[in-house]
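A.B. asks: Start from the sequences and build out the full structure, keeping to the hints where you can.
Residues per chain are reported as follows:
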Amino acid sequence: RHSHLLELLKRTTVHGESNSALIIGPRGSGKTALLNHVLEDLREMNQVRENLLEVHLNGKNPFLSGLLQTNDKVALKEITRQLQLENVVGDKVFGSFAENLAFLLEALRRGNRTSSCPVLFVLDEFDLFVHHKNQSLLYNLFDISQSAQTPVTVIGLTCRQDILELLEKRVKSRFSHRQIYLMNSFDFKEYIKIFKKQLSLPAEFPDEAFAQKWNNNVQHLSEDKTVRDVLQKLFQHTKDLRSLHLLLMLAVSAVTTHHPLPTAADLQEASRQHSSDSRANIVHGLSVLEICLIIAMKHLNEVYDGEPFNFQMVYNGESNARASQTLHRSLPSNYPFSLPPTVTEFQKFIQRKAHSMYNFEKPVVMKAFEHLLQLELVKPLERPSARAQREYLLMKLLLDSSQIMEALQVYPNCPTDVKQWAASSLSWL
Amino acid sequence: MNTRQQTKLIYSWYGKPLSSDRKLRTSQYKGIFITSESTKTETCIQLGDFILVEGVNADQPYVAQLMDLYEDGAQHKRAVVQWFCRLEEIPQNKRKLLKREISAQEVFFDQILGYDTDIAAETIIKSIMVLPLHLGEELPVITLNKEQTFYVKQSWDGKCFKVLSPDTFSKLKEANKKRGVITNSSKAFVPSDILTPVKKETDSVLRSATKPKNVDMEIESKHSASKSSLAKERHSQRVAKNDIKTPTARKKLELSSPTRSKGRLLGSEVLGLLDDDCDAIAPLKTSATKRKVKFTSDTSGSPPKIPCSNDKAKSTSETAEHHQRFSDTIRLSPYTRVKDFSGKDKNLHEKDDVLSSVGYQKPSSQSPVLTPRSRRACAQKTSALIAEQISMLDQEDFLSGSDSSYSSSSEEEEDDDVPCTPEKKTKSSRVFSTPKSSRKSAVHTPVKTMKKTPSQGTPRTPRNATPEIPRRIQAAQEPTSVLEEARLRLHVSAIPESLPCREEEFQDIYNFVESKLIDGTGGCMYISGVPGTGKTATVHEVIRCLQRAAENDELPPFQFVEINGMKLTDPHQAYVQILEFLTGQKVTATHAAVLLAKLFSTPGPKRKTTVLIVDELDLLWTRKQNVMYNLFDWPTQKHSKLIILAIANTMDLPERIMMNRVASRLGLTRMSFQPYTYKQLQQIISSRLKGVKAFEEDAVQLVSRKVAALSGDARRCLDICRRATEICEFAGEKRTPEIVRMAHVIEAIDEMFSSPYANAIRNASLHEQIFLKAILAEFRRAGVEEATVQQIYHHHVALCRMEGLQSPTVSEIMAICSRLGACRLLLVEASNKYLHMRVRLNLGQDDVMYALREE
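In order, the protein sequence lines correspond to chains A and B.
This note's numbering runs 1083 ahead of the 1-based position in the first sequence.
This note's numbering runs 20 ahead of the 1-based position in the second sequence.
Hints listed in this document are in silico derivations from the structure and should not be mistaken for laboratory results.
Every residue, glycine too, gets a C-beta built ideally from N, C-alpha and C.
Do not rely on the hints blindly, as some may be mistaken.
Coverage of chain A stretches by chain B, computed from C-beta distances (three or more under 8 Å per stretch; other residues unrestricted) [unchecked claim]:
1) 1103-1113
2) 1239-1246
3) 1257-1263
4) 1310-1320
5) 1478-1487
Subject to a maximum C-alpha distance of 30 Å in a straight line, what follows is the list of computed DSS-like cross-link-like pairs (lysine-lysine) [as the list claims (entries may be wrong)]:
6) A:1462 <-> B:97
7) A:1216 <-> B:587
8) A:1093 <-> B:713
9) B:699 <-> A:1160
10) A:1252 <-> B:699
11) A:1156 <-> B:644
12) B:726 <-> A:1252
13) A:1272 <-> B:793
14) B:793 <-> A:1381
15) A:1216 <-> B:644
16) A:1296 <-> A:1279
17) A:1216 <-> B:606
18) A:1316 <-> B:713
Over 12 Å on every C-beta distance to chain B, these chain A residues come out as not near it, computed from the model [stated by the list, open to error]:
19) 1217
20) 1230
21) 1234
22) 1299
23) 1323
24) 1341
25) 1349
26) 1352
27) 1386
28) 1496
C.D. replies: Quick look at the structure:
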C-alpha cells in the first residue's frame, strides 16, 4: 500500500499525471500516518521536492486541526490560502463565493500537464465533504483531475466503508475508483511486538544504563502471563492501536523515581481502569435513597419488560399494585402534586419493610429523583414541555440490571435489606 | 455617453437629399443632425465623420466611420459605416498576435466581412475623432476628452493584424482634415494649454502636425457635446454684462454640465467657491482683471477665433476655468507663435503682480500655507488667485481624466507641486513651463496607474487578476517505457484525435449547430446520457470542428460559451458567467439577467452567433425555474442568434423537473447517448492504444465486458486499464517488462469493484465479531432488523459465556458499537441514548454471516 501510494504521488510529480485516490480504513488504522510517511519519503527525493504544492483540507498537524472546512466556501478560501493565490486576488482578499470558485477554477484551468506545478489535495475526513451542497467541490476537484488542466492529485482519507455510495453519480464517474484499504490485519503475536516496540526506549535515549534496564523490563513484561492476559483481552476487544497507547499511558504514568519500572500489576491496574464501566462508577457515588430508587426502577423494568415508567400505568391500577395504590392515595393527600411511579414502587418497599429509618418526605424523594435525572441515569422519553408536569414525564432507565447488581456488589456499606430487595426481583408480588 | 440614457435625441437630416433612387425609393444625405432635447444641443454629423454607435453594453459603444446616409423606402434613416474594432472586441487568443501594448484608445480598422455595415441612424451616439498613426508612433499625449479620441494604427481582418495601407491611411487623414474645416472649430486653440512650448519644440514634425488637430477637435467636441448648453450661454451673456457672479448663476453652471463626471462637478464647484470668495473680498478688482484678461484674449490672443465662435468665446471666458485657459493662451502664445503679443503678455503679468500685491500677501510667502483646500478656499483668496486657478485647472483636468474619486495623497502631491508656480511665474515667464510640466505629470500618473477602463489589467479587482499555479521547476518527464506511454494515453484527460463510436451523435450535433449558424437563427438541443458516455467530449469536439471551419471561412464566425451547473455556486450565477464570457462585464446576477435579455432580444448589427453549452443542466433547477426558462426562451427570440446545447444525465429531465412552459421552449430536438457496449469500449481502448503494444487482446475485452455490464462508463474503463498497467509494471519489476495480461486486469477489477465490507469484518477484532453475531441473533429473535444496544448486549454476554470469554462491560460495548458505526458497518443513532440506541446493519445479514463463517 505504501509503495502504491508512493508510486501514485511520484507519478503526479514527475510525469504530471492527474490522479485521485481514497484511503479507507477504520479509525486508528494509520491512514494519516501512511500519508505522512509517503509524503516524507517523497520530499526526500530531489526531483520531487520543489515540484509539489500541497493543499491539506481538514487535515491534522502540521496541516490543520480537523473538521474545519464545514462548507465549500470555507474550503475554497482555505485552498486559495494554501496555494498562496491570495496575493493575486489583491486587496479585495476574498470576494463572493461565486467569484472565489470561478477564480480558483480559472487558476487551475490555466495550467497544463507539462508546465504547471502539480498540486496535491488532501481531504481528511473525506466523508464530510460529501455532505456539501451538490458536492460541487468534489466534482470540480475530480473534474480537474480528469481533464488536461493543472495536474492535481486528490487524496481522500475516510473511515467509512460505504464512501463510494455517498458520491453523486457524476462525481463518482469522475473519481478514478482507486481505493486503498487499510485494515488492522495483524494477529496477536504482532500485537505483542507492537507493544514491545511502543514501550521500549529508543537507542538515542541519553541514560544508556537506564534504557537498558527499562528495555529488559519490557522484554520481561511481554513474556509475563498476566501482562499477556491483559493484552489479549484488549486485543480481543479492539485492534485499534490508540487504545493500546491509552492503556500503556495509564500504566507508565504510575512510574515514579521510587518505582522506576512498570510492573505487571501496573498494567493490570491500568487495564482495570481502562475497561471499567463509566455508568456503574457513577452508581457507586449515589446515596442509599438514590440506590433504592434505581432498584425500584429496575423492578418496574422487569415487570413491564423495559417499557417506560408511566405513572398512569400504576395509578389506573393493575391488581397487583392495589395495595400501593391505596397507600399512595392516603399519603400524598396534603401535597398538590402526585408522585412519579417510582416513588410508589419505593413506597411499596417502605411499606413492606416497616423501618422508620427509610421514611423520607416526598420532596426529598423528588430531589433524589431529579439528581438521577441530572446524572443521566434516567432519561425522559421526550423533552420536558410546559404542559406536562415533571412528575408525569415518561422515563427510561439508562442502566442495565446487570450493571446495577454489579454496582451494588461493590457499593460500600450497603444495607442488607436493600441488597435483598434488589435481588428478590418479583418476590413482593 | 451617460446623457444618452437620460436625454432623448432627435435625428434629422442635414441639408437636402444629394441624390435619390426612384426605384429603391432611397435618398442619400450628406449629414445628419442630432438634437438633444434636454440640453438643446445640435450636432451635425457628416459623411466621413467618425462616430460612436450604440454597442452591446452602454459603456462600450462601437467606433465607426460614417460612409453613407440614406433614407429608405419605409422612411427609416439608415447609415452605412466602416467599422473600427476595439481591443475588447478582438478575441482573447488573437490579442497576443499584436505583440505590443495596446492603449485603450486604440482601435483597429475593421476588415471583417461578416459584420453588417448597414445600421439604423438612430444608433449613432455622437461624433468622435479617429486619428491614423504609423505603427511605430507613440500615441500623442492628450489630456482633454480622452474618451473621444481614438487612434488607428493597424487593420484587423479577423485573423491577423496588418499595417494600414497608405491608401486607407490617407483617406482617414483626409476625413480628419475635412472635418477640421467643416466643423468650424476654433483653430486658434491650437497651441493653447495642451502643449508646452518646450515640448513642442522637441516634437517631431509629424507629431506637431497631428497634434493640433486632436486639440482642436477635442475642444470643439467639448463645446458641442457637453459644455455649450444653451442655458449656460445665456448665463454667460448675462455675466458678461454684469460682471458679477451670483450663487444662483453658479448653481446653474453646475447643473448645466451634467455630462461631466462627478469630479468635474467638484472642480467647478470649487471654482465657484473660489469665485464667491473673490466676489466677497475684492469683487471689483477680480472682476476687472478678469474682464481685462478676457479682452486681451479676445482681441489679441487668437484672431481666427473671433469670427468662428464669438459667443463661445464669451461663454468660455466666463467661467474661471476658461478664463484661466485664456490667460494661459496668452501667456503661451508669445513664445510659441506671435512675437508681438509679448508686450501684452507682460501687461498681463503686471496685472497679475498688481493683483497679487493687492491681494494682501506676497505670492512667495503663500506657498507653504497652500496645502489644504478648505484653507485655501477661505483664507488667502485673492493673493493666491492665479496659483489657485492653475492648481484648480490641474485638478480639474486630473479629475476629468481619471473620472473617479481619488486619494487625498495625490491631491496633496499636486499641491506640493503647485506652490512653486506663482513665484516663478512672476519672476520670469520662461520658467512658466514648470507648472505645466508638473501639471502634466499630475495628469499623467493617475492615468497610467488607475485608468478608468475596467477591462484592462488592474491589480485591484480579482476578476482582472491572472491567477496561475506556479510553474514547476523541473520539466515533467516524458514517458520512457511502453507501459508509461500507454498509461499517458489511457488517462481520461488525454484528448484523442477522434471520438470513436460517437460518429453518429457527432454528426447530428454538428449538423444541428451548423445549420443554425448558417441560417443565423437560434435553437436548443437537449443531450442526455449516463455519466461517462462522452456527451461533453462529443460536444466539445463539435465546437472544435466548427471553430476550425469558421477559421477557414467556411462558416460564419461564432462565439462559444460554456457553463457548467456544477461549477456554479447558485443557478443565477449562470447569467453572470454568460455575460462575462460575452462582454467581459462583471455585474450582479439580476443585472446580468436584464442585460442578457436585452442583448438577445435586440438586433445587434455586429453581434456574432453565440453557441452556449449548458452542462449539468439539472443543477440549474430553481423553484420558479426562471433560469432555465430564460435560457430556453432567448433562442426563440427573433434576433437572439443563440444556439443552446444543454447536457444532463437523465433522459426525461424535461418531463420530470421542468414546468410545461420551460419544457416546451426546450423543444423536441433531443439526443440521448446510450451507454457504451463492450465492443465500443474495446474500440475506444484500442484506438487510444494505437501503435502501442501494451495490452493483450483478451485483457482489453475482459475490461470492456466487465464495465459494459456494470455501467458502460468509459471513464471507469480507462481507469481500470490504467491501474492494470501499474499493477503490471509493479509485478514486472523483477523480470523483464511485459504487456498487461489477464491476471493484471483481473486484479485491477477486483481492487476497484470488490466489496470492502467482507474484508473489514474479517479484520475486525474478536469482540467486534461477536457483537455482529449478537446482532444477528437478536434480529432473528425479534424478527425486526433493528435492535437496541441493551438487547444486543444481553446476547453478547451470552455468546461470551458460550465461548468462555470474559464478558465486556457496557462501556466497552458502547465503544465497539461506535467503532463499527464509524466504519458504517452498522447504522447507529446518536449516542446520547446510550443503552436505548437503536442499531441496524448497513449490509445484508447474509453478507455478515458469510464474512463471519469463513474464520
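A.B. asks: Look at each hint and say if it fits the structure.
C.D. replies: A quick look at each hint next to the structure:
With 3 residues carrying a beta carbon less than 8 Å from a beta carbon of chain B, the stretch 1103-1113 of chain A meets the three-residue requirement, and the given coverage holds. Counting residues of the stretch 1239-1246 of chain A whose C-beta sits closer than 8 Å to any C-beta of chain B gives 4, which meets the bar of three, so the coverage hint holds. Given a C-beta distance limit of less than 8 Å, the hint that chain B covers the stretch 1257-1263 of chain A holds, as 5 residues qualify and 3 suffice. Restraint check on the stretch 1310-1320 of chain A versus chain B: 4 residues with Cβ-Cβ distances below 8 Å, three needed, restraint holds.
By the rule of at least three residues with a Cβ nearer than 8 Å to a Cβ of chain B, the coverage given for the stretch 1478-1487 of chain A holds, with 6 such residues. Our distance criterion of 30 Å between C-alpha atoms is broken by residue 1462 (chain A) and residue 97 (chain B), whose separation comes to about 86 Å. The suggested pairing of residue 1216 (chain A) with residue 587 (chain B) holds, with an alpha-carbon distance near 12 Å, which does not exceed 30 Å. For the proposed pair residue 1093 (chain A) and residue 713 (chain B), the alpha carbon gap of about 24 Å is at most 30 Å, so the pair holds.
For the suggested pair residue 699 (chain B) and residue 1160 (chain A), the alpha carbons sit about 45 Å apart, so the restraint of at most 30 Å is broken. Restraint check for residue 1252 (chain A) and residue 699 (chain B): satisfied, since their Cα atoms lie roughly 24 Å apart, inside the 30 Å limit. For the proposed pair residue 1156 (chain A) and residue 644 (chain B), the alpha carbon gap of about 25 Å is at most 30 Å, so the pair holds. The straight-line distance between the Cα atoms of residue 726 (chain B) and residue 1252 (chain A) is roughly 18 Å, inside the 30 Å bound, and the hint therefore holds.
Annotation: proposed proximity of residue 1272 (chain A) to residue 793 (chain B) holds, straight-line Cα distance about 25 Å (limit 30 Å). With a CA separation close to 27 Å, the supplied pair residue 793 (chain B) and residue 1381 (chain A) stays within the 30 Å bound. With a C-alpha separation of about 19 Å, the suggested pairing of residue 1216 (chain A) with residue 644 (chain B) holds against the 30 Å cut-off. Simply put, residue 1296 (chain A) and residue 1279 (chain A) have alpha-carbon atoms about 14 Å apart, close enough for the 30 Å limit, and the pair holds.
With a CA separation close to 25 Å, the supplied pair residue 1216 (chain A) and residue 606 (chain B) stays within the 30 Å bound. For the given pair, residue 1316 (chain A) sits about 55 Å from residue 713 (chain B) by alpha-carbon distance, which is inconsistent with the 30 Å threshold. Not every C-beta of chain B lies more than 12 Å from that of residue 1217 (chain A), the closest at about 6 Å, which undercuts listing it as non-interface. Not every CB of chain B lies more than 12 Å from the CB of residue 1230 (chain A), the least distance being 5 Å, so the non-interface label is violated.
Remark: the non-interface label on residue 1234 (chain A) conflicts with the geometry, its nearest Cβ contact in chain B lying 8 Å away (cut-off 12 Å). With 12 Å as the threshold on Cβ separation, the claim that residue 1299 (chain A) sits away from chain B holds: the shortest Cβ distance comes to roughly 30 Å. Separation of residue 1323 (chain A) from chain B is inadequate, the least Cβ-Cβ distance of about 7 Å not exceeding the 12 Å criterion. Once the 12 Å rule is applied to beta carbons, residue 1341 (chain A) is consistent with being away from chain B; the minimum gap is 32 Å.
Distance to chain B confirms residue 1349 (chain A) as a non-interface residue, since its nearest Cβ pair spans about 20 Å, more than 12 Å. Listed as outside the interface, residue 1352 (chain A) is consistent with that label: its C-beta sits roughly 16 Å from the nearest C-beta of chain B, beyond the 12 Å cut-off. The Cβ of residue 1386 (chain A) sits about 16 Å from the closest Cβ of chain B, beyond the 12 Å cut-off, so the non-interface label holds. Listed as outside the interface, residue 1496 (chain A) is consistent with that label: its C-beta sits roughly 24 Å from the nearest C-beta of chain B, beyond the 12 Å cut-off.
Hint violations for this structure: numbers 6, 9, 18, 19, 20, 21 and 23, all remaining hints satisfied.
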